[in-house]
Amino acid sequence: MHGLVFDTAHLLAGGLVLVSFMMLYQDRLSALLNTFALHALVLALSVAWQAHAQDAAHLYVTAAIAFLFKALLIPVVLRRIVQRLGIHRQIETVVGIGPTMLAGMGLVALSMVVMLRVTAEAAPLAREDLAFALSVVLLGLLVMVTRRNAVGQVVGFMSLENGLVLAATGAKGMPLVVEISVAFSILIALIVIGIVLFRIRERFDTVDVHVLDRHRGEQP
Amino acid sequence: MSAALINPVAVLLLAPILAAAVLALAPGYRLGARINVAAALVTFAAAVTMVFADRPVPGDYLLVDDLNIVFVALNTFVGLTTSVFSAGYIAHELDSGRLTPAYLRFYHAMYQVLMFAMNLALLANNIGLMWVAVELATLTTVVMVGLYRTPAALEAAWKYFILGSVGIALALFGTILVYMAAQPVVGEGMAGMVWTVLIAHAADFDPALLNVAFVFLLLGYGTKVGLAPLHAWLPDAHAEGPTPISAVLSGLLLNVALYAVLRFKLLLAANPLAIAPGPLMVGMGTTSLVFAAVMLYRRRDIKRLFAYSSIEHMGVIVFAFGMGGPLANFAGLLHMCMHSLTKSAIFFGVGHISQVKGTQKIAEIRGLTETHPWLGWGLVAGVVAIAGLPPLGIFMSEFLVVSSTFAREPLLAIPLVAGLLLAFGALLLRVNGLAFGEPVGSTDPVKGSCVPMYAHLALVLGAGIYLPAPLVAWFQNVASVLG
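In order, the protein sequence lines correspond to chains D and C. Position in the first sequence counted from 1, then plus 11, gives you our numbering. Position in the second sequence counted from 1, then plus 37, gives you our numbering.
Rather than coming from a laboratory, the hints here were simulated on the basis of the structure. Please note that a few of the clues may not be correct.
Simulated DEER-style distance windows between Cβ atoms [claimed, not checked]:
no.: 1; chain 1: D; residue 1: Gly117; chain 2: C; residue 2: Arg335; range: 31 to 39 Å
no.: 2; chain 1: D; residue 1: Pro110; chain 2: C; residue 2: Pro428; range: 34 to 42 Å
no.: 3; chain 1: D; residue 1: Val105; chain 2: C; residue 2: Thr187; range: 45 to 53 Å
no.: 4; chain 1: D; residue 1: Gly117; chain 2: C; residue 2: Val85; range: 51 to 59 Å
no.: 5; chain 1: D; residue 1: Val156; chain 2: C; residue 2: Pro507; range: 49 to 57 Å
no.: 6; chain 1: D; residue 1: Val106; chain 2: C; residue 2: Pro507; range: 54 to 62 Å
no.: 7; chain 1: D; residue 1: Arg91; chain 2: C; residue 2: Ile54; range: 41 to 49 Å
no.: 8; chain 1: D; residue 1: Thr19; chain 2: C; residue 2: Pro266; range: 23 to 31 Å
Looking from chain D toward chain C, a few residues come up when the C-beta cut is under 10 Å (computed) [claimed, not checked]:
no.: 9; residue: Ala120
no.: 10; residue: Val125
no.: 11; residue: Arg128
no.: 12; residue: Thr130
no.: 13; residue: Ala134
no.: 14; residue: Leu152
no.: 15; residue: Ala161
Some chain C residues well away from chain D (every beta-carbon gap over 10 Å; in silico) [to be verified]:
no.: 16; residue: Gly165
no.: 17; residue: Gly226
no.: 18; residue: Gly229
no.: 19; residue: Ala245
no.: 20; residue: Pro266
no.: 21; residue: Pro309
no.: 22; residue: Gly315
no.: 23; residue: Val477
For glycine and all other residues, C-beta sits at the position ideal for the given N, C-alpha and C.
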């Protein structure tokens, strides 16, 4: 493993974790969407570097999908939705930024401890990638649970999927079927989300999930 | 063209997808409902042919073996009866204005897409393909749960979508880890995703990586099985969607997710150095069972009541498979079949009841046996079956689970029996209020037929009294495959 290949991959994957952290403290929806675009951009670079390092041409396709679809298209569409709903104001985060960041650090430490220990025999590049990927997945989960707003939760979910793409590309020679399916699933997911969001809009004029919680089907 | 020339596996996958395309375009709900039933019938016929035909050679993508054939047969059978029930149910929803014709077209198409996705997940020989199919099934059901567009339905769909996606994401991470474990042994590329290749080489995989992978897979697919504490989506999704979908969710989709867990359990069991997957499954199964049994007492919504009962029974099934061994596996398999048949029968009944009464609240439904004898007694029979009273099939499978547990781990039998008894009490308490006493509410006659419900109940009763020898031999064979 020569130095530059490894270091660059390391830098990009680490950058993805860093951007995940940045998402944690965004308290405006439009800023959160910008950060997500950056997240997808770093992912695209990371995947492209993996394609170069592994000499796997099909990974360039994955990188292109990540760039065009997730870094450009989705943030634009979501921003339009957010503006139409007029909710680009303050996000009501459930927990304060301090505890959230601490929890995030705990999760990253956890994923390092777990993944680096169990992958002792794997190639170093794949090993680091997997540990970072798990961090991104867990941080995505954290973003989801700390947002009340439906759009914020969707962004958290998409950053989680970015972590999965990072893991899939890090696993050398993994068949393309999975990467395409990941991209495809996000497309489907967006359609579903779109439908759900528009329906929510019709019914309540808000996408705050806490309002939905009042409509528990089981009142005494 | 002779039957031998038609490949049943191809029919199983192509019939639903073609039907979905036709249904998306077909005008009129009557025609749609008929096409839906016809497609389900063709699929079921293909599954029956597959049971008796020779097993095709497993390829990179598809596999037919003793294990998944049981699931496919059950899946297509309940798919068929549910489509018959759905035809009557949907006509009423159209009359009452809860659904428009355009939504019905969408509903029928989605029903067939769901059937396709479930069959694909069951037949997949490729862990990547299996994941894609389970994800497709999840997304389809999310849309169906939100079909009524009421605030409660939207909340349920959203919750299901978020929790289901997180589960499915964790499962993908687990799948990637399995590939990572396989890659040094079987080489790069497709081989590392093909289940038959994986199981043949599982003994040489890195055990630590497999362990972590299994934890992710159990959490991921376990969310879809509805295991506590990952079950939060399940009651809402069952209660707010159309009732045929509740029947399919409880009867089939939970099984499909369980099947995925079982496949990976086999993989882990084939590696001597990896942790034993059994105790994890026993732990989650017991938690779900006891938790759901306690929660049953506090339910006020009839569909939620039976949704929690599904969590309870999935707990029992996962417990049985976690115990392992020929007897417990046999019991788990039998219990799974019996639960699917009984629970979908109950949901058929509940669908008619909530339509007649115009409510799902338990307190507002009383005296069904007087106003609607067929429906009321059908519900009583279903609840008696699901609570595990003899001579019905669930009594037998639960008895097998309990007795095999007593023989091997007497201490584990205590929470098991306690959970079963708690659930038993709750269900009988509720059905007493629903079925007997002074009638309350509308007494309109039932539109739609009770035939699917009674067909399922007859099968459950038959299985409780006498299991045919070939069926026993078949299940024993599968149980031994499961290790």
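Could you work out which earlier hints the structure fails to respect and list their numbers in ascending sequence? Hints 2, 3, 7, 8, 9, 16, 17, 18, 19 are the ones this structure does not satisfy, whereas the remaining hints hold.
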